[in-house]
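Asks: Starting from the given sequences, assemble the full structure and let the hints guide the process.
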Amino acid sequence: MEDSKHRLVPCLAIYGANAGGKSNVIKAFFALNRLLSFGVKAAFDPNKLFPNQKTTCFEAKILLNHSTYDYCVEYSEESIVYESLVCGKQTVFEIRNSTQTQFKRITSETYTEKNLKDFLRVECSDKEGKHNRPFLSLIGTKYPGLNRDIADVSEFILKSVFISLNNQIPIGLGIKMLDSSLENFGKKETAFDKLQTIIAKLDFGIQRLEINRTKLEQNQSGQYSLPIDSQQGNPISIRHDREGNFAEYLYSYHEDEQGNEIRFNFQEESTGTQIALGILGSILAALEKGGIVLIDELDRSLHSLVFQLIVQLFTNKRYNTKNAQLIFTAHNTDLLDADVLRVSEIGFVNKTSKNGTTFQRLVEFDGVRNGSDFRRRYLSGEFDGIPFPYL
Numbered sequence: 001m002e003d004s005k006h007r008l009v010p011c012l013a014i015y016g017a018n019a020g021g022k023s024n025v026i027k028a029f030f031a032l033n034r035l036l037s038f039g040v041k042a043a044f045d046p047n048k049l050f051p052n053q054k055t056t057c058f059e060a061k062i063l064l065n066h067s068t069y070d071y072c073v074e075y076s077e078e079s080i081v082y083e084s085l086v087c088g089k090q091t092v093f094e095i096r097n098s099t100q101t102q103f104k105r106i107t108s109e110t111y112t113e114k115n116l117k118d119f120l121r122v123e124c125s126d127k128e129g130k131h132n133r134p135f136l137s138l139i140g141t142k143y144p145g146l147n148r149d150i151a152d153v154s155e156f157i158l159k160s161v162f163i164s165l166n167n168q169i170p171i172g173l174g175i176k177m178l179d180s181s182l183e184n185f186g187k188k189e190t191a192f193d194k195l196q197t198i199i200a201k202l203d204f205g206i207q208r209l210e211i212n213r214t215k216l217e218q219n220q221s222g223q224y225s226l227p228i229d230s231q232q233g234n235p236i237s238i239r240h241d242r243e244g245n246f247a248e249y250l251y252s253y254h255e256d257e258q259g260n261e262i263r264f265n266f267q268e269e270s271t272g273t274q275i276a277l278g279i280l281g282s283i284l285a286a287l288e289k290g291g292i293v294l295i296d297e298l299d300r301s302l303h304s305l306v307f308q309l310i311v312q313l314f315t316n317k318r319y320n321t322k323n324a325q326l327i328f329t330a331h332n333t334d335l336l337d338a339d340v341l342r343v344s345e346i347g348f349v350n351k352t353s354k355n356g357t358t359f360q361r362l363v364e365f366d367g368v369r370n371g372s373d374f375r376r377r378y379l380s381g382e383f384d385g386i387p388f389p390y391l
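Its first residue numbered 1, the sequence shown is counted upward by one per residue in our numbering.
Among the hints, erroneous ones may be present.
FRET-style restraints, in silico, Cβ to Cβ [stated by the list, open to error]:
| hint | residue 1 | residue 2 | range |
| --- | --- | --- | --- |
| 1 | Arg213 | Cys57 | 40 to 48 Å |
| 2 | Glu382 | Asn166 | 27 to 35 Å |
| 3 | Leu158 | Arg242 | 20 to 28 Å |
| 4 | Thr214 | Glu59 | 46 to 54 Å |
| 5 | Arg7 | Arg105 | 26 to 34 Å |
| 6 | Lys354 | Lys104 | 37 to 45 Å |
| 7 | Gly145 | Tyr319 | 33 to 41 Å |
| 8 | Arg342 | Asp45 | 28 to 36 Å |
| 9 | His254 | Asn219 | 36 to 44 Å |
It is worth saying that the hints were derived from the structure and are not from the lab. We treat Cβ as the ideally placed atom computed from N, Cα and C, and that holds for glycine.
Replies: This is the structure we're talking about:
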């Protein structure tokens, strides 16, 4: 994926030893999302090994609608000490310690600099005047018409970046995400149809899938209750629409030795099959609209070939037509031998006592080319990022 100045990778695989800091890369994105959604109290997670570091700082470069944005935010346990958004070389806004502000790019006759300072003081600050809610997300969601740059960046981070701190994504959530993306782009194919097509290619032995809906009954106190039926199993989701509230149940069908279809509750499928379906829902949603998916331990409970297929959905331009990106951590090194990833799409983390976790991509190592024996060289310790256990 390229534009006139940047070359982007569709996939980034992060390897490293246990407790090396891989998960912290995904958690960092999660913290930024929580900061923009809920403020500093929900996002501050100090490093106990470095107690003197009182603030957390994020700098994100975002390519969106043929423009390059740099969003920076630094915050402590109590307040945001710095926040800025730059488009190209033009500062859209800048706020330092709540008092030093630059709003020239977004002021107008309707929204003067005084109005924006009042908004910062009232909407983005607590009773003590501490700036504790990001200006970017509050302006972007409450007043999207004020500035297109702010609205676009805020919406992208909050709605087009999906983060999972483990790979066990609820099936109902995956289907809902895919359904939403298909509806937004006017696709007639349902999320369920799309998932069935992919599941058939994964050779799980499933002949077909089926979703049944059961309407929830409301009692006198106004509460809804699930019908007690051991044959139905647990619902994968609760849906609300104009016709009422429904519990959705997922079933899989297999053939017995006589070729007859036998129905199973999907919860009876293997852990790997359930995990794969949940992951695929979120991933196919990103491929439909061009978002970013971040998953910690993507390979857990997945067969190596299924793991490779999921990654190839992003690296193969036949499937990835909207420049979606996948960032994941993994331990399964078979992928390094599969000729699926390029040197710019593989990175390693290492934990140091002085600088914490460091990250280095393969392309930064001397003498490494695409097609090299990545797996053997990684396991031999050439790229670090491995444990050195002994008995």
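Asks: Against each hint, give a clear statement of whether it holds in the structure.
Replies: Evaluated hints:
At roughly 47 Å, the beta carbons of Arg213 and Cys57 sit within the given window of 40 to 48 Å. The supplied range of 27 to 35 Å is met by Glu382 and Asn166, whose beta-carbon atoms lie about 29 Å from each other. For the pair Leu158 and Arg242, the beta carbons lie near 27 Å from each other, so the given range of 20 to 28 Å is met. For Thr214 and Glu59, the Cβ-Cβ distance of about 48 Å falls inside the hinted range of 46 to 54 Å, so the restraint holds.
A beta carbon spacing of about 28 Å between Arg7 and Arg105 agrees with the range 26 to 34 Å that was offered as a hint. The supplied range of 37 to 45 Å is met by Lys354 and Lys104, whose beta-carbon atoms lie about 41 Å from each other. Taking 33 to 41 Å as the suggested C-beta distance range, the pair Gly145 and Tyr319 conforms, at roughly 35 Å. As the Cβ distance of Arg342 to Asp45 is approximately 33 Å, the hint placing it in 28 to 36 Å holds.
Between His254 and Asn219 the beta carbon distance is about 37 Å. The supplied range of 36 to 44 Å therefore holds.
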